[in-house]
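Colleague: Taken in order, these protein sequences are the chains called A and B.
Read the first sequence against the numbering used here and you will find it ends at 255, with the numbers running on by one and no gaps.
Read the second sequence against the numbering used here and you will find it ends at 331, with the numbers running on by one and no gaps.
These are calculated hints, taken from the structure and not from any lab test.
Among the hints, erroneous ones may be present.
Stated by the list, open to error - What the simulated footprint calls covered on chain A by chain B, stretch by stretch (three residues with Cβ under 8 Å from a Cβ of chain B suffice, anywhere in the stretch; the number is not a length):
no., stretch
1, 70 to 78
2, 89 to 99
Said to hold, decoys possible - Using 30 Å as the maximum straight-line C-alpha spacing, the simulated DSSO-like pairs for lysine-lysine come out as follows:
no., chain 1, residue 1, chain 2, residue 2
3, A, LYS148, A, LYS73
4, B, LYS116, A, LYS128
5, A, LYS73, B, LYS116
6, A, LYS198, B, LYS116
7, A, LYS210, A, LYS128
8, A, LYS75, A, LYS194
9, B, LYS116, A, LYS98
10, A, LYS66, A, LYS98
11, B, LYS116, A, LYS84
Virtual Cβ for every residue (Gly too), placed ideally from N, Cα, C.
Chain by chain, the residues:
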Amino acid sequence: MQILEGHGVTKSFGGLAAVSNVDFHIDQGEILGLIGPNGAGKTTLFNLISAALPLKSGEIRLKGKKLNGLKPHKICQLGVARTFQGIKICADMPVFQNVLVGAFFGSPNRVSGADAAKEATQALEFVGLSEMRATPAKDLTLVNQKRVEVARALATKPEVLLLDELMAGLNSAEISESMELVTKIRDKGITIFMVEHVMKAIMGICERIMVLHHGEKIAEGTPQEIASNKTVIEVYLGEETHAGS
Amino acid sequence: MDTTKFTPRKLLVPGVILSILIVLATLPLTGVSPYTFFTMGLTIMYVILAVSWAMFSGPTGYMSLAPAAFVGIGIYVMARLRDVLPLGAIILAAVLCSFIIALLVGLVTLRLKGIYFAIFTFGFVVFLGNFIRYYEFHILGTRGRLIEPVSNETFYYIMLGIAAATLLTAYLIRRSRLGLAMQSIGGNEEAAAHMGVNTTMVKVLTFAISAVFMGAAGATLATRIIYTEPMTAFSVLYSFTPVLMAVFGGMGQIYGPVVGAIIFSYLQHYLSGRFPQYYMLSFGIILILFILYLPGGLAGLIPQLRDRLRGPISKLLKGGKAEQHANT
Chain A
11 MQILEGHGVT KSFGGLAAVS NVDFHIDQGE ILGLIGPNGA GKTTLFNLIS AALPLKSGEI
71 RLKGKKLNGL KPHKICQLGV ARTFQGIKIC ADMPVFQNVL VGAFFGSPNR VSGADAAKEA
131 TQALEFVGLS EMRATPAKDL TLVNQKRVEV ARALATKPEV LLLDELMAGL NSAEISESME
191 LVTKIRDKGI TIFMVEHVMK AIMGICERIM VLHHGEKIAE GTPQEIASNK TVIEVYLGEE
251 THAGS
Chain B
4 MDTTKFTPRK LLVPGVILSI LIVLATLPLT GVSPYTFFTM GLTIMYVILA VSWAMFSGPT
64 GYMSLAPAAF VGIGIYVMAR LRDVLPLGAI ILAAVLCSFI IALLVGLVTL RLKGIYFAIF
124 TFGFVVFLGN FIRYYEFHIL GTRGRLIEPV SNETFYYIML GIAAATLLTA YLIRRSRLGL
184 AMQSIGGNEE AAAHMGVNTT MVKVLTFAIS AVFMGAAGAT LATRIIYTEP MTAFSVLYSF
244 TPVLMAVFGG MGQIYGPVVG AIIFSYLQHY LSGRFPQYYM LSFGIILILF ILYLPGGLAG
304 LIPQLRDRLR GPISKLLKGG KAEQHANT
């Protein structure tokens, strides 16, 4: 079943098309990877889904319901949560309070204080940050700040989770841990759409990969298909080919 | 706001503030002079302005320079209605006017970020003052208004009542999910929106709530100033003074702006009599020193002192224990 789908999704900044006429879909319970060179429009596509930016044309649907024109907080309450490429946390607030925000406001219904606290506690436990609940978020290491973002997103009880470069800047042990975390989230029944540059992670855990280049979708398929796709290889290794010729 | 734990410690500050309010409410039993009632009423007015300013601007980080607009609205509502309605009804009218105008202004301006919001709110004060001056002079053909005064004692008690309501509201908001939402907006507005916080609604609503107390304070102030005209009613000092007081006292705690307002009003009262030329200068210097070296204000000093004292005290205690061990 398709949980999230986009048709003819387009966004331009000035005259530059950042995302142009992209169709995509994510099946319930899968991990879909989104790759592409810098400036390909990956984060813009995420921003369009989460309504950080308004769509210029096209439509995005969640379980058949049109999301066009909704504000970010509505999208979140409908079940699409996200993390950010550059960390966006409340630096001076303790870790627990950061996650509590998601637990309180991420649901379309009013959540009681006790339920929100329980939800936030569980989310922190899930990402392995229970020990640091009282620490101000700014005092955490990069990997732990990223986990706060994940916990906060999970506390909103999403059906779809958008992860924007969760692995960037992490060392290889942390990458393995994060890959495990992503798989664990999927096993909870949450559908995952992830932008990633770390190929080990993308190839290791994604069931399907979509490739953007200059705002256009140039390929889509299983990791094996993508790894052997001529266009993709050209886009990623194009310069080297030129240098060799 | 840790909702999972509730300790008696958390009741300490509200408890102390409540006791002070009770002491202040029973003042006439000790027989103070009308002039003291007046100066204390003014001090309490600044407590109201500083606390209500910090209620919105503290957690959200949106620096509002609008207090003077709502104080002015309060003064003008009182000036227009003093002869028509009973005192309580006029204050209610001032509350309503402030709330509605704050909602409208909030909807238009709260999409502005940082310094732009501050500039707009400042401009709003200047605009409103000039608009009312124009309206009074050209349309109504009046210049300035006389307001029938109330007794200093009545003035004092109304201010005290408004202050109690302001403090209670500030306390409840801090403990509520609305307070958490405001804090998350101050922490990272974009992230807050993506976590489901309706940021526009939260900002506009809390901006309007804080304006209510400023309007009520302004209406009450009008009952003691006897004569008013737009440029003094909408004086920008009603915007800057509460900001200075709240920064001086510290916005991290509810008692910060209270302490800041009390100390500042006393200094203003004391210094303006003795050094009329220099006292504004000294305020400026104090403010700069605080922003540079004590961004948490006076209230921010307390945890620092506690941390600094904790070391020696625990050492003393341990030292005591060690001695006991040595003796046994």
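Colleague: Determine for every hint whether it applies to the structure shown.
Modeller: Here is how each hint holds up against the structure:
1. 70 to 78: violated (count 0)
2. 89 to 99: With 5 residues closer than 8 Å to chain B, the stretch 89 to 99 of chain A meets the three-residue bar; holds.
3. LYS148(A) - LYS73(A): violated, 37 Å
4. LYS116(B) - LYS128(A): violated, 34 Å
5. LYS73(A) - LYS116(B): Roughly 35 Å separates the two Cα atoms, so the pair is violated.
6. LYS198(A) - LYS116(B): Violated, at roughly 39 Å.
7. LYS210(A) - LYS128(A): violated, 35 Å
8. LYS75(A) - LYS194(A): holds, 27 Å
9. LYS116(B) - LYS98(A): holds, 17 Å
10. LYS66(A) - LYS98(A): holds, 25 Å
11. LYS116(B) - LYS84(A): Distance ~22 Å between LYS116(B) and LYS84(A) Cα, so the pair holds.
Hint check: violations occur at hints 1, 3, 4, 5, 6 and 7; the rest are consistent with the structure.
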